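Participant: Listed below, chain by chain, are the residues.
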Amino acid sequence: MVEAFAVASGKGGTGKTTSTLALGMALAGEYDVTVVDADTGMANLLFHAGLDDVEVTLHDLLVEGTGTDVSEAVYERFGMSVVPCGTSLAAFEAADPARLRAVVADLAADADVILLDSPAALGSKSAVLPVVLADRIVVVLQPTIPSLSDGLKVQEYARSYGSETAGVLFNRVRDDVGIERVAERAERYFGGETLATVPESDAVRAARRAGKPLLAHAPDSAAADAYREAAARIDVRAGDEGAVADRFRSAVVPDTP
Amino acid sequence: MNLPRGDLIRSRVVRDPGVALEAALDAELTGYVVLEPQDALLLGGETRGVLTFEDGVPVLAYDAASDRGGPDALADLALSGPYRADLYELPGGALAEAHDTPELRVPPRMPAEELADAADLAARTRAAAPAERAVEDAAHASAVEAFLADEERIAALRERAREEARTRAEEWGLGGELRDGP
Numbered sequence: 395m396v397e398a399f400a401v402a403s404g405k406g407g408t409g410k411t412t413s414t415l416a417l418g419m420a421l422a423g424e425y426d427v428t429v430v431d432a433d434t435g436m437a438n439l440l441f442h443a444g445l446d447d448v449e450v451t452l453h454d455l456l457v458e459g460t461g462t463d464v465s466e467a468v469y470e471r472f473g474m475s476v477v478p479c480g481t482s483l484a485a486f487e488a489a490d491p492a493r494l495r496a497v498v499a500d501l502a503a504d505a506d507v508i509l510l511d512s513p514a515a516l517g518s519k520s521a522v523l524p525v526v527l528a529d530r531i532v533v534v535l536q537p538t539i540p541s542l543s544d545g546l547k548v549q550e551y552a553r554s555y556g557s558e559t560a561g562v563l564f565n566r567v568r569d570d571v572g573i574e575r576v577a578e579r580a581e582r583y584f585g586g587e588t589l590a591t592v593p594e595s596d597a598v599r600a601a602r603r604a605g606k607p608l609l610a611h612a613p614d615s616a617a618a619d620a621y622r623e624a625a626a627r628i629d630v631r632a633g634d635e636g637a638v639a640d641r642f643r644s645a646v647v648p649d650t651p
Numbered sequence: 107m108n109l110p111r112g113d114l115i116r117s118r119v120v121r122d123p124g125v126a127l128e129a130a131l132d133a134e135l136t137g138y139v140v141l142e143p144q145d146a147l148l149l150g151g152e153t154r155g156v157l158t159f160e161d162g163v164p165v166l167a168y169d170a171a172s173d174r175g176g177p178d179a180l181a182d183l184a185l186s187g188p189y190r191a192d193l194y195e196l197p198g199g200a201l202a203e204a205h206d207t208p209e210l211r212v213p214p215r216m217p218a219e220e221l222a223d224a225a226d227l228a229a230r231t232r233a234a235a236p237a238e239r240a241v242e243d244a245a246h247a248s249a250v251e252a253f254l255a256d257e258e259r260i261a262a263l264r265e266r267a268r269e270e271a272r273t274r275a276e277e278w279g280l281g282g283e284l285r286d287g288p
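Chains as they are written, first to last, in the working numbering: chain W, 395 to 651; chain Z, 107 to 288.
It is worth saying that the hints were derived from the structure and are not from the lab.
Quantities reported herein were computed from a predicted structural model and do not represent experimental measurements.
Incorrect hints may appear among the rest.
Claimed, not checked - Examples of chain W residues lying across from chain Z (beta carbon under 10 angstroms, computed):
| no. | residue |
| --- | --- |
| 1 | 516 |
| 2 | 526 |
| 3 | 537 |
| 4 | 572 |
| 5 | 583 |
As the list claims (entries may be wrong) - Away from chain Z, derived, C-beta distances all over 12 angstroms, residues of chain W:
| no. | residue |
| --- | --- |
| 6 | 448 |
| 7 | 458 |
| 8 | 475 |
| 9 | 486 |
| 10 | 496 |
| 11 | 503 |
| 12 | 613 |
| 13 | 627 |
Said to hold, decoys possible - The calculated SDA-like cross-link candidates involving lysine to any residue, where the alpha carbons are at most 20 angstroms apart (straight line), are:
| no. | chain 1 | residue 1 | chain 2 | residue 2 |
| --- | --- | --- | --- | --- |
| 14 | W | 519 | W | 546 |
| 15 | W | 519 | Z | 270 |
| 16 | W | 519 | Z | 284 |
From the three backbone atoms N, C-alpha and C, an ideal C-beta is built for every residue, glycine too.
In isolation and in its complexed conformation, chain W is listed as follows (with noise of 0.2 angstroms):
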């Protein structure tokens, strides 16, 4: 079984790579999770990961020619598979996004729930096929009109290309802000449930300068607590991972310029 979130939020700020590595990690005590840094222009994952020392990244999968295995690409970290990007500006511009779908395809081969950290933006074809490729998306907010505007415009992107929303996480959340009267207004507009809300940290601050996940570095951290309680409200869907490879790999995407 696979199923491929895509954790988007639409815009910067929110969490998403804090909050694709703590899903990821509080999912690996049930399931084989595998991560992607698929933010191709604005990579940050292999901070937060300790892997930015690493040699193959996914740029160098979404290059033609290079002749790399995927597997290269893969690092086992925190209980995870882990597939960084790299931070190379010349590297993100001989990248070919449309490759993002063929790794996909080899990795759902050996995962049951692939997490894709999205690009803080929409404008670009790299940027939306995340969204475009994952089964159902995950869309990290905070509790600000922007945040959330940005957030319902993520969703019907995803809408549009078929992709539903597996729940909602607001991030970053101070305790003075009635989350649960805008949680609950927010549930009539988005597809799936509150998933949990994340209290702001200074953990999380403290995990990224060590270059840690959250979840490795302050595990009883309230954050923490509520990443776990996210994880365990998202209905992994079996999907049989031959026909989810199959669906990846036979789809055509043609190049633009």
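Add chain Z to chain W, keeping to what the hints say.
Facilitator: Same frame as chain W, but now just chain Z:
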């Protein structure tokens, strides 16, 4: 909202209102900023918001199109940019009477958070605010709630996103991936 006429000290089209809020904070502006979203079509054309400031810190918010004030006005104004932002300066104390309008007041950090999603600017603004204004923060959620209560506006936002998704899918050669086909 009746304000004394101030001196125009800066007029710009800005990508996001945070630029104007930051300029007001840095200049320790006492006066007001008139914000005009350039993308106001969603609300039928005209939206003009006014924010007043005391020593760089926002005090009142008012939206002329909806005739709403306070957090509701911020919800009305929180569109995607760009905005024209005009900063007007007034002598110290000129706004004392206007500022005695509780229904139009907004917590110091709220404009930065709700119009610009700028947490750092919000924190700086809050730090610059007089201590007695700390109690106003409790009202914070009301702007977000007002936004989420406006079903018509959210429906329009979603409709526009759907259209945009479709148009761009064609541009990017992803039309065949659309649920309903190209």
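Participant: Look at each hint and say if it fits the structure.
Facilitator: Now for the hints, and whether the structure bears them out:
1. 516: Hint on residue 516 of chain W: holds, closest Cβ of chain Z at ~8 angstroms, below 10 angstroms.
2. 526: holds, 5 angstroms
3. 537: holds, 6 angstroms
4. 572: holds, 3 angstroms
5. 583: holds, 6 angstroms
6. 448: Label holds. Min Cβ-Cβ 30 angstroms, cutoff 12 angstroms.
7. 458: Given that every Cβ of chain Z is farther than 12 angstroms from that of residue 458 of chain W, nearest at about 17 angstroms, it holds.
8. 475: Given that every Cβ of chain Z is farther than 12 angstroms from that of residue 475 of chain W, nearest at about 26 angstroms, it holds.
9. 486: holds, 17 angstroms
10. 496: holds, 15 angstroms
11. 503: holds, 22 angstroms
12. 613: holds, 26 angstroms
13. 627: holds, 21 angstroms
14. W:519 <-> W:546: Between residue 519 of chain W and residue 546 of chain W the Cα gap is close to 19 angstroms, so the pair holds against 20 angstroms.
15. W:519 <-> Z:270: holds, 13 angstroms
16. W:519 <-> Z:284: holds, 14 angstroms
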